[in-house]
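A.B. asks: Next come the chains, spelled out residue by residue.
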Amino acid sequence: MSKRDEPRKEKRGLGRRDFVKLVSGTSAAVSAGVLTDADLLGAQTAARGKMSGPGAVPMALRVNGQQRQVTLEPRVTLLDVLRDSLNLTGAKKVCDRGTCGACTVIMDGKPIYSCTMLAIEAAMSGASIETIEGLVSEGELHVVSSAFVQNDAQQCGFCTPGFVMAAKAYIDAHPSPTYQQVQRSLGGNLCRCGTYMGVRRAVVEAAMKMKGGRS
Amino acid sequence: MADYAWPPAGKRGLIGKSISRLDGPAKASGRAKYTYDVKLPETLYGKMVLSPYAHAKIVRIDTSEAEGMPGVRAVQPMKEPGQEVLWAGQEVVALAAETEDQAIDAARKVKIQYEPLPHFVMDTEPTAAGANTRKLAEQVDGNPDQGFGQAEVTHEGTYGSAVINHCCLEAHGQVAQWEGESLIVHASTQNVSGIGGELARGLKIPAGNVTILTPVMGGGFGSKFGGDTWGLACAQLAKKANRPVKMMLERDQEQIGAGSRPSIYAKVKVGAKKDGTLTAWASESWGTGGPQPSGNPNLPYVVRPPDRRRVHTAVLTNTGPARAWRAPNHPQMCLITMAALEDLAADLQMDPLQFFLKNLSFTDRPEVYRAELEKAAELVDWKRKWHPRGDKTPGPIKHGLGLSIHTWGGGGHPSTCNCTIHPDGSVEVSLGSQDLGTGTRTVIAIVAAETLGLPLESVKVNIGDSRYPPSGASGGSTTVGGVSSSTRRAATNALNELLAKVAPSLGMSPEQLEATGGRVQVRGDATKGMTWQQACAKLGTAPITATGQRVAGARDELISSGVGGAQMAEVTVDAETGVVRMEKLVAVQDCGLIVDVKTAESQVYGGCIMGVCYALYEEKIMDQQTGRCLNADMEFYKLAGIGDIGEIVVHMMTGPGYDERGVIGLGEPPVVSPGAAISNAVANAIGVRVPTIPLTPDRVLAALEKGGKG
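So the sequence lines, in the order shown, correspond to chains A and B.
The first sequence begins at 480 in the working numbering and counts up by one.
The second sequence begins at 16 in the working numbering and counts up by one.
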C-alpha cells in the first residue's frame with residue numbers, strides 16, 4: 480500500500496487546501512489581490528472546528544517503530560516531546576534553533592533538527608521517526624555508534640548522539656563515502672570538545688562495515 | 016612504606032596502551048544520562064528573568080502577575096530592589112512551573128522597574144575607556160633600557176585576541192531535589208566535591224546535607240567550577256515548591272553570562288641582535304574580563320629574555336564575567352609573544368624556526384622545545400614548504416606556514432581514593448571526581464587494573480558523586496595527576512592488605528608476592544600462586560577498603576608538572592576574499608607518562624580544533640549602543656565544523672626522558688598555540704600581520720589594505 484492510499488488521519492489546523500478553498504469563497508478580495516483582516520478572520524472562523532491549541536491536544540507519533548500517544552500544546556517541539564514526554568533523551572537540546580545538530584533524529588530516512596520541528600507537525604505528517612535509542616538492537620551497539628567508540632569520536636559526548644544519527648542517515652544515502660566526502664557532508668553538526676578527526680575516521684569505518692552486511 | 020612507583024616500561028600491561036574510553040558505548044548510544052537528561056517524578060521547570068540593561072539599578076520587582084500564571088509553583092527573586100545589574104543578561108528573578116513553556120510564559124509576566132545607568136561594553140584601548148580602567152603596577156625584570164640599547168633591530172606591533180565564550184554544549188544548570196533537610200543536586204559541574212559546600216552556605220544548611228551527582232557532563236572548559244547563582248535559586252525554588260526543579264540555562268544566557276575568556280591586546284616592542292639573539296621585551300597590554308579586572312598577562316610568554324618590562328590595564332565592561340577558560344591567559348599571551356617574535360624574525364629576514372631555535376636558552380626547557388620543534392618541522396615539512404614572508408605565487412591564493420611553542424604546569428590536585436576488594440574478587444575504586452570528557456574515568460580504571468594485575472573490565476569506577484572521598488575540581492590539567500596518584504596509592508594499599516592475608520597460605524611473606532595476569536603468585540613464578548578469585552576468597556566475608564591520598568603540594572614520585580609543546584600551522588589565504596583555510600596543524604606534545612594514549616591524543620586533537628575555532632571564528636560581539644551581546648547563539652557565534660579544520664597531526668613525546676617524569680596533565684597545553692601558529696602562518700602567506708584574532712575575512716582584508724603599515 481503506497482503512502483497515498485493510506486487512510487489519512489484527520490488533519491488539524493488550517494491546511495493549505497482548506498485555505499485555498501476558503502479564500503476562493505471570498506472572490507471579491509481575491510480579485511482585488513488583497514486579503515483584508517475581516518477575510519482572514521472569516522477564514523479562521525470557518526476552519527475553527529479543525530484548529531488546534533493553544534491548549535493541549537492529543538497527537539500520535541511513530542517513534543522507533545512504535546505508535547506513541549501524547550497530549551501536548553501544539554507549540555511543543557519534536558525535540559521536547561522526545562525528551563520530556565517519551566524519555567528519549569539521546570537527542571540533546573543545545574542551540575535550540577537549528578544550528579548545531581545535537582538534536583538530530585531521522586525522519587522518513589532523512590536527518591532533521593528536531594528542535595525546529597513541532598511535534599504536531601511530525602504527528603500530522605505520519606512520518607516514521609528514528610532516534611538514537613532505536614539504533615540499539617538486542618543490546619548491541621549499532622555499527623556507527625561502535626565506530627564512534629573505537630575511533631574516540633567523542634569526549635564529553637553531548638554532540639555524539641546527534642552526530643551518530645546524522646552519520647547513519649548519511650551512510651544510508653551514501654554507502655561508500657571517502658574521507659574527503661565525509662568532511663564536506665557532515666557540516667551540520669557542531670562539536671565543542673574537538674572530536675572531528677575521530678568522527679571522520681568513524682564514519683568511513685562504519686560505512687565500510689555496513690557494506691559488509693551488518694546493518 | 017609501600018612502594019607506589021609506576022611499573023617499569025616493560026612491565027606495563029595497560030598503562031601507555033591505546034584504550035577506548037569506558038563510557039564511550041553509553042555516550043555513543045544515547046544512554047548516558049547527563050544533568051540535562053535527568054527527569055525525576057513531579058519535576059518542575061525553572062526559568063530566569065534577565066536584565067535587559069547592561070547597567071541599571073533595580074527599583075521594583077513585581078512578581079504578582081507571574082505567580083498567578085498557569086502552572087507556576089514557585090518564584091524566587093535573585094536580586095533585590097536597590098541592587099545593580101552589571102550586564103545585560105544578569106539574572107534577577109527565577110520561577111518554576113509545571114512545564115518549560117509555562118515557565119517561559121510566566122517569566123514574561125514578571126515586572127521589573129529599572130533605573131538605567133551608563134554602561135560600557137567595548138574592550139577598546141584604555142585611553143578610550145574613560146574611567147572604566149584599572150592600571151596595574153609596572154613589572155620590570157633586569158634592565159630593559161640596557162637590553163634595548165644592545166638591540167640592533169627592534170620591532171613594534173600591536174596584537175590581540177577578542178573575547179570568546181566557553182560555549183559548553185550542555186548548558187550550565189542543575190536539577191535540585193530536597194529530601195527533608197537534605198538536598199540532592201544533579202549538576203553539570205567540574206567540581207563534584209566542591210560545589211556542595213558553596214550551595215550549603217547560601218542555603219544556610221550543613222555542608223554534609225548536600226549531595227552532588229555528575230556521572231557525565233557535557234563540557235566545562237573552566238566555566239563550571241561554582242555552584243552559581245542559578246544553582247542556589249534552583250534549590251530555593253525546589254524548597255518552596257516542595258518538588259524537584261530542573262533549571263538549565265537557555266543558549267543565549269549560556270553565551271552571555273556563563274563564561275567568557277578575557278580579551279588581551281598589547282603594544283609590544285621587542286629587540287634583538289642581528290644574529291637573532293633577543294635582547295629585550297616591553298609591552299603595554301589591556302583587555303576585558305567583564306565587570307571585574309582579570310587576565311593580567313605575564314608577558315612575554317615562554318621565550319623570556321632577562322631584560323623586560325610590562326604593564327597591564329584592565330578595562331572594566333558591563334559584560335558577562337570572565338571565567339577560567341582552558342589554559343587561562345596562555346593562548347592570549349602566546350599569540351602576543353609568538354606573533355611579535357615571528358614579526359621580528361621577518362624583519363631580520365630569518366627563518367622563524369632558526370630564530371626560535373636560537374633563542375631557546377630563554378625558555379625553561381630548551382632541549383624539550385628543540386626536540387619538539389624539530390619533530391613538528393619534520394611532520395609539516397617545514398624545510399620544503401616554508402618561504403620568506405609573503406607568498407609570491409601569482410593569483411589570489413597564498414600559502415603560509417607558522418609556528419608557536421607553549422607551556423603549562425599540570426601537576427596533581429588533592430585527591431582521595433578508596434579501593435575496595437570484595438571477597439568475590441570484584442574491585443571498586445571510588446573518588447568524588449568527575450569526567451568532563453577527558454577520559455578521567457578510563458584513566459582511573461587503567462591505573463587500578465594495572466596495579467592489581469587485573470583486566471580493565473574487572474574494576475568498577477565510582478565517580479561523579481560527592482559522597483565518595485573528595486577529589487579536586489577538574490581545572491588546570493590537574494585531574495589526571497591527582498586521580499592517578501590517589502588511585503595508584505589506594506590500589507597498592509588494598510593489594511598489600513590482600514597479599515598479607517594470602518601470604519601464609521603460600522608459606523611466603525607478603526613482599527614475596529605479586530598480583531599479575533589475574534593471579535596472586537610468588538614474584539616471577541606463575542606456578543606458585545592462585546587465581547585472583549581464590550586469593551580474594553581468603554578474605555572470608557569482609558571486604559578490604561584501603562585509602563590512597565594525593566596531598567596538595569606534597570612531593571609525589573608518581574606525578575610531575577610542567578610541559579612544553581610545539582605546533583606548526585599550514586594555511587592558505589584567499590587574498591581577494593580574506594578567507595583563511597586550514598590545511599594542516601601539527602601538534603607535538605609532551606606530558607610525562609601517558610596513561611591512555613587514545614584519550615591523550617584526543618585531548619590534543621581537541622585542543623587543536625578548539626584552537627582553530629578561536630583563531631578563525633570565535634568572537635563575542637558587543638554593541639555599545641544597546642549594551643547587549645549581538646551573537647548570543649550558535650549561528651553567529653561561530654565554531655568550526657568538521658570541514659573547517661584541515662588535517663590535524665598529533666605526535667606525543669614519550670619514552671625515556673618523558674615517561675620517568677610521571678603523569679602530567681594534558682587538557683590545557685594543546686589549546687594554547689593554535690592561535691599564534693595560525694596567525695603566524697597567515698602573516699607568512701600574505702606578507703602582513705593581521706593583528707587581532709579571530710582572523711575573520713574583514714580583518715584579513717583590512718590588514719592587506721593597510722599593507723602592514725602602522
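One thing to keep in mind: the hints can contain errors.
Away from chain B, derived, C-beta distances all over 10 Å, residues of chain A [unchecked claim]:
#1 Arg547
#2 Gln548
#3 Thr568
#4 Arg576
#5 Asp587
#6 Gln629
#7 Pro654
Which stretches of chain A does chain B cover? Using the computed rule of at least three CB atoms under 8 Å from a CB of chain B, they are [unchecked claim]:
#8 530-539
#9 635-647
Derived from the structure by calculation, the hints contain no laboratory data.
Cβ coordinates follow ideal geometry from the N, Cα and C atoms, glycine included.
A.B. asks: Once the closest CB in chain B is found, is it more than 10 Å from Asp587 (chain A)?
C.D. replies: It holds; Asp587 (chain A) is separated from chain B by about 20 Å at its closest Cβ, greater than 10 Å.
A.B. asks: Take a quick look at Pro654 (chain A) and tell me if its Cβ sits farther than 10 Å from every Cβ on chain B, holds or violated.
C.D. replies: The assertion about Pro654 (chain A) holds, with a minimum of 19 Å to chain B.
A.B. asks: Taking the closest pair, is the beta carbon of Gln548 (chain A) still more than 10 Å from chain B?
C.D. replies: holds, 18 Å
A.B. asks: If we take the beta carbon of Arg576 (chain A), is the closest beta carbon in chain B still more than 10 Å away?
C.D. replies: violated, 7 Å
A.B. asks: Holds or violated: is the Cβ of Gln629 (chain A) farther than 10 Å from all Cβ atoms of chain B?
C.D. replies: violated, 6 Å
A.B. asks: Verify this for me: three or more residues of the segment 530-539 of chain A with a beta carbon less than 8 Å from a beta carbon of chain B.
C.D. replies: violated (count 0)
A.B. asks: Confirm or reject: Arg547 (chain A) is not an interface residue toward chain B, with every Cβ-Cβ distance exceeding 10 Å.
C.D. replies: Arg547 (chain A) clear of chain B: closest Cβ-Cβ about 16 Å, beyond 10 Å.
A.B. asks: Regarding the assertion that Thr568 (chain A) does not contact chain B, is the least Cβ-Cβ distance greater than 10 Å?
C.D. replies: It is violated; Thr568 (chain A) is separated from chain B by about 4 Å at its closest Cβ, not greater than 10 Å.
A.B. asks: Quick one: see if chain B covers the segment 635-647 of chain A, three-plus residues with Cβ-Cβ under 8 Å.
C.D. replies: Since 7 is at least three, the answer is holds.
Violated hints, listed in ascending order, are 3, 4, 6, 8; each of the other numbered hints is respected by the structure.
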